[in-house]
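Protein chains in written order, with the numbering used here: chain F, 1 to 253; chain U, 1 to 221; chain E, 1 to 286.
These aren't lab readings, by the way, just hints derived from the structure by calculation. From a predicted model like this one, the values you see are computed outputs, not experimental measurements. Glycine included, each C-beta is placed from N, C-alpha and C at the ideal position. Do not rely on the hints blindly, as some may be mistaken.
Stated by the list, open to error - 20 Å max Cα-Cα, derived SDA-like pairs, lysine to any residue:
id, chain 1, residue 1, chain 2, residue 2
1, E, Lys-178, F, Lys-231
2, U, Lys-62, F, Pro-239
3, F, Lys-231, U, Asp-60
4, U, Lys-75, F, Gln-209
To be verified - Looking from chain E toward chain F, a few residues come up when the C-beta cut is under 7 Å (computed):
id, residue
5, Ala-162
6, His-165
7, Ser-166
8, Ala-170
9, Ser-173
10, Leu-174
11, Ala-176
12, Glu-231
These are the residues of each chain, in order.
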Amino acid sequence: MDSDIKMRAERVNFFYGSSQALKNVNLNVFKNKVTALIGPSGCGKSTFIRLFNRMNELVVNTRLTGKIYIDSQDINLPCIDAVDIRRRVGMVFQKPNPFPKSIFDNIAYGLRVNGIKDKDFIEEKVIQTLKKAALWDEVKCRLNESALGLSGGQQQRLCIARCLAVETEVILFDEPCASLDPISTAKIEELILELKKDYTIVIVTHNMQQAARVSDYTGFFLLGELIEFGKTKEIFTAPKDKKTEDYITGRFG
Amino acid sequence: MERHFDEELQGLNNEILKMGAFAEEAIFKSVEALKDRDKNKANEVIANDKFIDELELKIDEKCLDLIARHQPMAKDLRFIVTGMKLNAELERIIDIAVDICQRVLELADKPLLKPLIDIPKLAGIAQNMVKMSIDSFVKRDGEIARRVMFSDAEADQLRNAIQKELVEDYMLKDKSTTPRAVLLLLIARFLERICDHATNIAEDVVYMVEAQVVKHHPEKL
Amino acid sequence: MIQSTKRNISQNIGFAVLFLCILTTLFFLGTIIYFIFTRGLQVISWEFLTQPPRNAMTEGGVAPVIIGTLYLTLGSMIFAVPLGLACAIYICEYSPKSIALNIIRISINNLAGVPSVVFGLFGLAVFVNFLGFGVSILSGSLTLGILALPLIISASQEALVAVPHSIREASLSLGASKWETIKRIVLPTALPGILTGVILSIGRVAGETAPILFTAAAFYKRGYPKSIFTEVMALPYHIYALMTEGTHPDRQRAIAYGCSLILLFMVLLISGVAIYIRQRQRSYHG
């Protein structure tokens, strides 16, 4: 497999009960790049990214066929623990979901569940992570306050920081700005661009402009199918498929 | 807030400056070739054109990419649109320099018609106008751009004078001078065109910096 | 126009009826409190709270009775809280959704509806006789514990269900196992709700008479309980005993009102603590 490919979906079909959510999807996610997935609601893009950290397993009565690879490793083999996969592939959700704990404990949580007990190490890591997530200056004086007291945008950056602390390799963003104002959104986007130096990023978004701004590659989903995948530049200036063109020019969807 | 977008805009700026530098160089060399009847220099300019064409495509693509991906607004939008126009103007200037060089190649083997005085003078004006227009872009300075626009009239007058001299003193008096005189006439015309393109650049720069449309609106100068 | 006036009238009548209902309820509550206060307050004194009964329970205090109630309540919670919580966690977090789960749920709800005297008989049969614990604090605690179990399970269940799905997902997505997620995220978040349930069930258990009637309560016992295998006096049963038996009904009645007041006060205090904890946690959890 190409060494630039971090994750790969091969002939993926996914079912909720009897309804098929994904139809024969093949897609490569490149290392240290931002891959955006766009498409109308219910097109399967969120379902798709949840395959990469095996979050769909938490939903009952689902079925997956096809293969998902991370670093050439099939992650759905019986010998592989979903917990290990999720340590490597972090996720930021649509609604900011900090734990009802202090800001410090929110970040330290991932370290603690991974068995780290060294207090100095945890503290250093928390500070370092908050700096990386461009949140340090805003929260350094209130690390012991409840994370729920932060603004929505700050909460979302805290959730990103939480992923970074466990030294994840990939970060999946599931519509991270859906509930944020434009300024907070811009901050998150800047952060994503900064983070791609060290991480591989996949972002699902309803907002095409956002996909255009932050991503290197874009995939367009429609009714569970991957209609078109390519360089963002090409998708947004000269899409090959008429359906993609209609969607990104706002002619439907 | 620092934006990653700013880095990309800076990258575009650098590419346009490169194009500007190529344009200045092309004019300079073509004028030298004309004055010295230097075929080598003329060929150099002609050969260089294909790199310029590549750069032009690259800049265009970059502008398109930035518009499509970042939906730029206000200042950013004006900069990118101006960048696209400047790119075309500069490329055109270089093409004209190539045209001049091709005429120089034809002239070089023929005896000198007359000592060149006004044409180098016009060439100087053209060179200066291009230089200043690029300068106004670099410094984001509407004042420099305005000075460029005022020079254009001088260039037009000089071209008319050259035309009159070549037609009345040479072509009408001695038919055998016509082929050489026409070539010189063309060169004068090319130089004046360069001045027009420099004026366009200056107008675009004023739009970019001040958001004022001065093109076809001389009263706004 | 006419129609809207009509609607307004019927609305006003509706509101008036609802308001009357509330007023009635408050009236009864107020009467009970007033009644018990005025009669009970006469006998309350430092001696009443700290001394054992004397002279065939017509004089002295009720300290061993209060202690007995505290023991029984504490014992029942030691038994019921871990068990109830474990059941709730299993039902909410682990068991697959199935018919069996529904049957379990219905059974637990039914358990809550069983009359308390039936629990008393059950305690007598199982703990006192079959397991041979005798009439003792242990038997009484276990019986009261079973009584409290459905309350604790349903309160804990509610608290667990109320923990947002999103933070469970967040925890799992960080590579925490399901158990770690429950231990470190779900339980701490649900804790205020669980505590409220526990405290309310303490209130309930402290006031129950029937379950301890055959399993723990003594009509009279000298001194303080020394082991969990001894029988014990408890406030609710003590009130019952004072009112129905003995030789000096008048004096005994006064003491009974005193005991009622203490019991009422204990239950109010416990409920107050529950409300306080809930409020405080709520403010932290946003």
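Identify whether the interface hint at His-165 (chain E) stands, where standing means a beta carbon of chain F within less than 7 Å of its own. violated, 9 Å
Is it true that the CA of Lys-62 (chain U) sits at most 20 Å from the CA of Pro-239 (chain F)? holds, 17 Å
Measure nothing beyond the straight line between the CA atoms of Lys-231 (chain F) and Asp-60 (chain U); if it is 20 Å or shorter, mark the hint as holding. holds, 17 Å
Measuring from the C-beta of Ser-173 (chain E) to each C-beta in chain F, is the shortest one below 7 Å? holds, 4 Å
Status of the hint placing Glu-231 (chain E) at chain F (closest C-beta pair under 7 Å): violated, 45 Å
So if I understand the rule, the pair passes when the alpha-carbon distance is 20 Å or less; does Lys-75 (chain U) with Gln-209 (chain F) pass? Distance of about 19 Å is within 20 Å: holds.
With the threshold set at 20 Å, check whether the alpha-carbon distance from Lys-178 (chain E) to Lys-231 (chain F) stays at or below it. violated, 38 Å
Does the interface hint hold: is Ser-166 (chain E) within less than 7 Å of chain F, judged Cβ to Cβ? holds, 4 Å
Supplied contact hint for Leu-174 (chain E), tested at 7 Å Cβ to chain F: holds, 4 Å
Checking hints one by one. Is Ala-176 (chain E) an interface residue toward chain F, by the C-beta closer than 7 Å rule? holds, 4 Å
Would the hint on Ala-162 (chain E) stand, with a C-beta cut-off of 7 Å toward chain F? Hint violated; Ala-162 (chain E) Cβ to chain F Cβ min 12 Å, cut 7 Å.
So, Ala-170 (chain E) near chain F? Judge it on the closest CB pair being under 7 Å. This interface hint holds because 5 Å falls under the 7 Å limit.
The structure is inconsistent with the numbered hints 1, 5, 6 and 12, although it conforms to all the rest.
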